[in-house]
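Chains A and B, in that order, are what the protein sequence lines are.
Going by the numbering used here, the first sequence opens with residue 1, and the numbers climb by one from there.
Going by the numbering used here, the second sequence opens with residue 113, and the numbers climb by one from there.
Any given hint could be a false lead.
Claimed, not checked - Below 30 Å or equal to it, Euclidean Cα-Cα: the simulated DSSO-like pairs (lysine-lysine) are:
no.: 1; chain 1: A; residue 1: Lys-25; chain 2: A; residue 2: Lys-80
no.: 2; chain 1: B; residue 1: Lys-119; chain 2: A; residue 2: Lys-25
no.: 3; chain 1: A; residue 1: Lys-80; chain 2: B; residue 2: Lys-119
no.: 4; chain 1: B; residue 1: Lys-119; chain 2: B; residue 2: Lys-242
no.: 5; chain 1: A; residue 1: Lys-22; chain 2: B; residue 2: Lys-119
no.: 6; chain 1: A; residue 1: Lys-22; chain 2: A; residue 2: Lys-80
To be verified - Computed far set for chain A versus chain B, every beta-carbon distance over 12 Å:
no.: 7; residue: Ser-38
no.: 8; residue: Glu-52
no.: 9; residue: Asn-54
no.: 10; residue: Phe-55
no.: 11; residue: Gly-62
no.: 12; residue: Glu-65
no.: 13; residue: Gly-66
no.: 14; residue: Ala-67
no.: 15; residue: Thr-70
no.: 16; residue: Glu-71
no.: 17; residue: Met-73
no.: 18; residue: Asp-74
no.: 19; residue: Gly-77
no.: 20; residue: Gly-102
no.: 21; residue: Gly-112
What the hints assert, rightly or not - So the derived list for chain B, only partly shown, Cβ under 7 Å to chain A, looks like this:
no.: 22; residue: Arg-125
no.: 23; residue: Ser-168
no.: 24; residue: Arg-186
no.: 25; residue: Pro-211
Read the hints as simulated data drawn from the structure, not as lab findings.
No residue lacks a Cβ here, since even glycine has one placed at the ideal position from N, Cα and C.
Here is how the chains run, residue by residue.
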Amino acid sequence: MDESIYLDEARDPLIIAEGWLKDGKDVAIATVVETWGSAPRPVGSHLVIDAEGNFHGSVSGGCVEGAVVTEAMDVIGSGKARMLEFGVADETAWQVGLSCGGRIKVYVERLG
Amino acid sequence: MDPYILKTLNEERRARRAAVLVTDLGDGRDRIVREGDHVASDLGAAIANAFRTGNSRSVEAEGRTFFLNAHLPRPRLVVIGAVHISQALAPMARIAGYPVEIIDPRTAFATPERFPDVALHAEWPEDVLKRAPLDSYTALAAVTHDPKIDDFALKAALDARCFYVGALGSRKTHAKRIERLLALGAGADQIARIHAPIGLNIGAASPAEIAVAVLAQAIHAFRSRGKAKGAVA
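Here chain B stands alone, though its shape is the one from the complex (with noise of 0.2 Å):
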């Protein structure tokens, strides 16, 4: 392996981008592909695969034989507002393998008494996501219903294309939301990608239930990832 390579591959993985080493196995030769980088034929739909299924593999390509290493950063929920939902959701998503961070500047809902084990910031997000930014590995689920504490983290989380945004309220109260963040300068394109109202539609009743649909329609929007738009819910 170069050494600029693995210079460049550890850059990489440290600033959670995502990236494929390329390795001709005959020749040594290795090269690093990003996210959205061009490449041609039939080793470019093997890449793809790559960076949307995060699975690392040796394929035959132009008569010779590569190995894809995958690196794809982990993928993680960052929830703004410590609520009953937040609650149920935070040790669901831990278990499907999405570490959980939540954000809250109420001090009465952000207490360690009611969310152990959990990474918690009695913080309003703009401080927090200063700290720590969002990224196109990381889905953002608002549940606060308080604007002053959910359009800053939505506007930030279209900003940095997340995997997934959602933002809990009804049909009404998205449309007034929508107003808002084209105020803050959201473009038209970006908002449609908000899941509002949040959730898949499985006729959630309580708030645990909620925490399903919420965790499921974040898992399938990182599994459609590359994929046709039809295939997204």
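The following block holds chain A by itself, in its conformation from the complex (with noise of 0.2 Å):
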């Protein structure tokens, strides 16, 4: 159980962003909007990504993560947000999906 009641700075998404980009570096932030059934991480959850592809945060616990960074990737180079969705039920578009059986929609922007 996570006992503090203040930021946890060094695993924060949300600081890790805002000090990539002090960094100088390009910075997409994945953003749970919409879940159904369920789905491992709730709506608002925060996935950070570099143009490296360095990431921090989750959108899924682990299950759609690589696909959200190669999507993040692409969303840094043309600067054009993206709605992404997961789920088992959705085997065409995607090829990863959540083992829960859930599905979840996620956001995903360049910052800046």
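Need the complex rebuilt from these two chains, each delivered in its own frame; the hints are there to steer you.
As structure tokens, this is what we get:
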């Protein structure tokens, strides 16, 4: 159980994203904006990604992070935000899925 | 996301102030809404709900889709008094998701043996609260029965707009306390926010049962924030 009443600055994705930007890196922020059924991470959870594919945080507890990182690097390049959807029922669009049987919608945008 | 928005959002989160990040999922524009800011119409109602519940979600308003990400500070409980009630209250509150800090300058009471695994300060509230101020996402329960220890913390909790302020003692004890708090400069409307006698009326008899009553009352206060006055016990 996380006991701290203050931000865990070393692990907080939004703090890390701000730091990366300050270091001159290109950054994308992925956010869980909707979930259906049992989803591993709640709505509002973040994964932050830099142009080299480094990432912090979580949008699914590990199930789809790889795919989100790949998409995020495109978003960093184009500057155009994307909406991604993952779920076991959605096999045509994505090769990855959530083992728990839920579905999630992830919004990926470039920082700046 | 606008880098300035991110910087501002992180500042709010560091300072334990609530904020809702509103993102237009159509064009990607975002803005920060602080608690108490006025936002008109349906979007405003959805934002108010996000502040109250802490739940993030997508909403349709003004023909557009917005994502509301609620960033609420973690609620916590500060207990003045390392007494028997606090020994039961600390683990219960932690299990319920409210981290606890206990403050009591009486070193005979505030010992790690009596309070294992609890953030414990064997100091005067004046000193601890200077370092770690109270805020509106903090509940304060004063249970020492000693005005020298309780009063300062109660006044500080009212000034910081703690979401819950409770004080142990009978109605007679509380009547005297009210006089002292008025003398300290507290307003009548502030004093009306103090829950005294402390705890929901469940007929609690033992220290552990009183702890249940206090925790339930604090949770109720937290979950009724922003609702009509009648909803608050």
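Hints versus structure:
With a C-alpha separation of about 17 Å, the suggested pairing of Lys-25 of chain A with Lys-80 of chain A holds against the 30 Å cut-off. A hinted pair counts as satisfied when its Cα atoms are at most 30 Å apart, and Lys-119 of chain B with Lys-25 of chain A qualifies at roughly 15 Å. Annotation: proposed proximity of Lys-80 of chain A to Lys-119 of chain B holds, straight-line Cα distance about 21 Å (limit 30 Å). With a C-alpha separation of about 26 Å, the suggested pairing of Lys-119 of chain B with Lys-242 of chain B holds against the 30 Å cut-off.
Taken as a hint, the Lys-22 of chain A and Lys-119 of chain B pair is honoured in the structure, with Cα atoms around 10 Å apart against an allowance of 30 Å. As the CA atoms of Lys-22 of chain A and Lys-80 of chain A are separated by approximately 21 Å, the hinted pair is consistent with the 30 Å bound. The beta carbon of Ser-38 of chain A is kept farther than 12 Å from every beta carbon of chain B, the shortest such distance being approximately 17 Å. No beta-carbon of chain B is positioned within 12 Å of the beta-carbon of Glu-52 of chain A; the least distance is around 19 Å.
Every Cβ of chain B is farther than 12 Å from the Cβ of Asn-54 of chain A; the closest lies at roughly 17 Å, confirming the non-interface assignment. With a cut of 12 Å on Cβ distances, Phe-55 of chain A stays outside the contact zone with chain B, its closest approach being about 16 Å. The claim that Gly-62 of chain A lies off the interface holds: its Cβ sits roughly 21 Å from the closest Cβ of chain B, which is beyond the 12 Å cut-off. For Glu-65 of chain A, the non-interface assignment is confirmed: its Cβ lies about 19 Å from the closest Cβ of chain B, beyond the 12 Å cut-off.
A cut-off of 12 Å between C-beta atoms confirms that Gly-66 of chain A is not in contact with chain B; the least separation is 22 Å. Every C-beta of chain B lies more than 12 Å from that of Ala-67 of chain A, the closest at about 20 Å, which supports listing it as non-interface. Remark: the non-interface label on Thr-70 of chain A is consistent with the geometry, its nearest Cβ contact in chain B lying 20 Å away (cut-off 12 Å). The beta carbon of Glu-71 of chain A sits about 15 Å from the closest Cβ of chain B, which is more than 12 Å, so the claim that it is off the interface holds.
No Cβ of chain B comes within 12 Å of the Cβ of Met-73 of chain A; the nearest lies about 17 Å off, and the non-interface call holds. Interface exclusion of Asp-74 of chain A from chain B stands, the closest Cβ pair being 15 Å apart, more than 12 Å. With a closest Cβ-Cβ approach of about 16 Å to chain B, Gly-77 of chain A is found to remain outside the 12 Å limit, as its non-interface label requires. Listed as a non-interface residue, Gly-102 of chain A keeps its Cβ farther than 12 Å from every Cβ of chain B; the least gap is roughly 16 Å.
With 12 Å as the threshold on Cβ separation, the claim that Gly-112 of chain A sits away from chain B is violated: the shortest Cβ distance comes to roughly 5 Å. Interface restraint check: Arg-125 of chain B against chain A, minimum CB-CB distance 6 Å, threshold 7 Å, status holds. The beta carbon of Ser-168 of chain B is positioned within 7 Å of a beta carbon in chain A (closest approach about 3 Å), and the interface hint is therefore held. Taken as an interface hint, Arg-186 of chain B checks out: its beta carbon lies about 5 Å from the nearest beta carbon of chain A, inside 7 Å.
The interface hint given for Pro-211 of chain B holds, since its Cβ lies 5 Å from the closest Cβ of chain A, which is under the 7 Å cut-off.
The structure is inconsistent with hint 21 alone, although it conforms to all the rest.
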